[in-house]
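Visitor: The listed protein sequences derive, respectively, from chains A and B. Residues in the first sequence are numbered consecutively from 23, following the working numbering. Residues in the second sequence are numbered consecutively from 12, following the working numbering.
Just so you know, the hints here were simulated from the structure itself, not pulled from any lab data. Be aware that one or more of the hints could be misleading.
[Claimed, not checked] The following label-pair restraints were derived from C-beta to C-beta distances: (1) A:ASP204 <-> B:GLN345: 50 to 60 Å; (2) A:ASP204 <-> B:SER159: 54 to 64 Å; (3) B:LYS126 <-> A:ARG107: 31 to 41 Å; (4) A:PHE30 <-> B:ALA186: 30 to 40 Å; (5) A:LEU27 <-> B:LEU194: 52 to 62 Å; (6) B:ASN297 <-> A:ASP25: 31 to 41 Å; (7) B:PHE292 <-> A:LEU103: 49 to 59 Å; (8) B:LEU194 <-> A:PHE29: 35 to 45 Å; (9) B:PHE292 <-> A:PHE29: 44 to 54 Å; (10) A:PHE29 <-> B:LEU296: 38 to 48 Å; (11) B:ILE118 <-> A:LEU196: 40 to 50 Å; (12) A:CYS104 <-> B:PHE292: 15 to 25 Å; (13) B:ILE327 <-> A:ASP25: 58 to 68 Å.
Note that the structure is a prediction, hence the values are computed from the model and not measured. All C-beta atoms in this analysis are idealised placements derived from N, C-alpha and C, irrespective of residue type, glycine included.
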Amino acid sequence: MVDELLFFMEVLVGGLLAGTMYSLVALGFVLIFKASATFNFSQGAMVFFSVLAFCGFMQDFNIPFVLAFILAALLMVVVGLCTERLVLRPLMNASEDTVLMATIGLGYVLEGLAQAAWGVEVRRLDLGIGDFPVPWIADNLKLFISALDITAGFVAAIMIIGLFLLFKYTKIGLGLRAVADDAGAASSIGIPLKHIMLLVWSAAGVVALVAGCMWGARAGVQFALVDLALKALPVLIIGGFSSIPGAIIGGLIIGAVEKVLEVYIGPFFGGAIEGWAPYVLAIFFLLYRPEGLFGEKIIRRV
Amino acid sequence: MKPVFMTYTKKDLINLAVCMFLSVLIIPTFITTEYWYTSILIPWLCLALATIGQQIVMGYTGQLALGAAGFMAAGAFAMFNLILRVPDLGFVGSLIVSGLIAAAFGILFGLPSLKVRGIYLMVATLASQFFIIWMIDKFGWFKNYDSSGIITAQDIVIMGKPFTTPLAMYFVCLAVTTVLTLLAMNMARGSTGRNWMAVRDMDIAAESMGVSLLRTKVQAFAISAFYCGVAGALFAFCYLKSLEPVAFDIKLSFKILFMCILGGLGTINGAFIGAAFILLFPVLLNAIGNNVFHGAIDATIISSIEQVIFGGLMIIFMIYEPLGMAKLWENLKQSIRLRLSSSGNKGLKSSAQKSE
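With the sequences and hints as input, model every part of the structure.
Guide: Encoded structure:
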């Protein structure tokens with residue numbers, strides 16, 4: 023009985039921590055949605071693009087770890103700048119769906135560019151943190167929890183707190199919230215829209231880089247990251263598109279539910295149900311609470 | 012314009028006659044290499060059909076859906092099982108029933124569209140994509156307990172006659188596509204299509220005018236999935252000649268989405284233009300790579316460049332012409348017509364140039 027409980031705890035904790043990895047991807051979506059009411063479908067591609075560039079800098083040019091990270095982050099700022107200039111500004115007054123489709127195109131561009139520049143083979147990314155159980159926890163609590171998962175949890179926590187403080191207490195954050203509320207009104211009282219957009223897209227790019235590092239260390243840096251990042255969408259639906267805590271809670275729920283289902287129900291169906299379980303969970307949320315747990319209620323006017 | 016026959020105008024009938032003339036007489040006489048049939052014409056017709064399905068739900072009803080490949084898989088495997096287990100049904104019967112089975116899935120996964128729209132709906136339809144592929148993959152019954160993962164498709168037999176040569180298969184695809192395209196045009200112009208478009212333009216306003224959202228949306232999803240299912244069955248039986256769930260992964264869904272958007276949302280001919288572009292462009296790019304650069308560029312680089320161009324085009328079209336290539340084609344025809352009609356009249360000519 024105790025063993026079963028321990029095993030369940032292990033599955034649950036493992037799932038929760040793995041969920042923080044989804045949260046990290048979802049965080050990038052939320053940042054952009056909060057500031058510009060744009061669904062950035064290319065967030066997954068940004069994750070792939072940034073971490074592949076990071077790996078490329080380290081492995082092809084032998085640039086040291088920290089410098090490569092800074093370079094990759096700068097690259098994401100450039101991507102943000104180009105996106106703002108070339109995609110978002112011309113589409114300023116376009117409908118939500120049009121912008122969404124343009125970001126799907128942007129995702130394709132980023133994926134293609136990344137592969138053209140750095141090749142298509144799977145790259146290993148070694149962060150110096152192993153993806154194996156931490157001995158101390160295994161000995162004392164008899165739970166087998168990966169060190170990488172714990173690191174991802176910590177990184178996610180730090181980013182959330184940082185972003186939360188930024189949004190809540192700084193002048194930039196106030197500007198961000200104003201733009202999110204009503205871009206036209208915000209710009210009329212002198213908030214520089216361009217800078218805000220650039221800032222947000224750069225921040226989302228850096229968040230993507232961090233998420234990419236975590237995913238890359240676990241699964242290898244490869245194209246499949248883009249599909250993995252799609253799972254951030256159900257996370258957002260559960261958490262709400264405009265809520266940073268929502269992204270975290272959503273990620274935790276998806277991570278935990280998918281692992282628990284996989285371990286306890288998966289074997290009856292031949293496994294691999296984690297491929298669709300998050301989406302079906304998202305459908306149930308959509309049917310009963312379309313705005314998500316923490317989202318603002320969607321009001322549409324004729 | 013006044014309809015001459017059903018909802019079709021005189022112009023439509025002429026277009027149809029020209030298309031039929033080209034596809035039934037000209038193409039079979041002038042194109043004799045098998046490559047054209049097996050690698051370009053057949054997949055073009057199948058994917059154009061699937062794109063019409065996507066058009067119905069996305070272009071006409073305005074519901075952002077991203078699961079066309081899932082419904083195609085449902086149609087393809089339904090076809091395989093129907094021919095295997097209910098041989099009395101015949102090819103055409105099986106095709107229709109497999110379309111209906113796909114439509115059932117369409118209704119099931121289209122239900123969330125009653126509550127949500129935009130990216131929310133996209134996520135809901137992604138569920139259908141992943142769920143259908145998973146279901147086919149994990150339950151051996153669908154694959155007739157074949158362990159190799161790739162099943163050879165049965166030969167196409169209609170009325171006791173085998174259709175196995177590329178040309179014969181081309182005619183099968185052509186016939187099915189023609190019938191379904193005509194039906195789609197009919198629906199798009201009739202009250203069905205008007206309801207779809209009313210929901211697309213403003214669903215709340217449509218509802219207050221007495222258009223039933225439930226009926227319209229579910230109908231659009233069902234018909235869309237029917238088209239995708241039939242297209243999937245043809246795709247598997249005429250083009251791939253094998254059945255494997257991997258062939259219908261999310262990448263194919265994205266491809267069909269691109270065909271639909273680049274071709275032109277809310278147009279039937281856009282589906283054909285878009286499918287032709289997405290299919291032919293990589294062929295062209297490869298030809299350039301092989302003949303101009305003599306293979307100096309790696310194939311993976313070429314496919315990456317292709318992706319960049321598709322994505323870039325998507326952005327460019329969204330900015331400058333959200334109605335896609337069909338609209339460009341329309342503009343081109345318009346300007347030629349103006350030029351022709353004003354060639355004798357100087358005053359008209361200058362005004363025509365201004366309007367361009």
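Visitor: Confirm or reject each hint.
Guide: Okay, the hints, checked on the actual structure:
1. Checked against the given bound of 50 to 60 Å, the beta carbons of A:ASP204 and B:GLN345, roughly 39 Å apart, lie outside it.
2. A hinted range of 54 to 64 Å holds for the C-beta pair A:ASP204 and B:SER159, which are about 59 Å apart.
3. For the hinted restraint 31 to 41 Å between B:LYS126 and A:ARG107, the CB-CB distance of approximately 36 Å keeps it satisfied.
4. Separation of A:PHE30 from B:ALA186 is about 58 Å and departs from the stated range, judged on CB atoms against 30 to 40 Å.
5. Distance hint check: the CB atoms of A:LEU27 and B:LEU194 are about 59 Å apart, consistent with the given range 52 to 62 Å.
6. Separated by about 58 Å at the C-beta atoms, B:ASN297 and A:ASP25 break the suggested range of 31 to 41 Å.
7. Under the hint 49 to 59 Å, the C-beta atoms of B:PHE292 and A:LEU103, about 29 Å apart, miss the expected range.
8. B:LEU194 and A:PHE29 have their C-beta atoms about 56 Å apart, which leaves the hinted 35 to 45 Å range violated.
9. With their beta carbons about 52 Å apart, B:PHE292 and A:PHE29 fall inside the hinted range of 44 to 54 Å.
10. Between A:PHE29 and B:LEU296 the CB atoms are about 53 Å apart, so this pair departs from the stated range of 38 to 48 Å.
11. A C-beta distance of roughly 47 Å is found between B:ILE118 and A:LEU196, which places it inside the suggested range of 40 to 50 Å.
12. Distance hint for A:CYS104 and B:PHE292: a CB-CB separation of about 24 Å, consistent with the stated range 15 to 25 Å.
13. Restraint check, B:ILE327 to A:ASP25: a C-beta distance of roughly 60 Å satisfies the suggested window 58 to 68 Å.
The structure does not agree with the numbered hints 1, 4, 6, 7, 8 and 10 stated previously, though it agrees with the rest.
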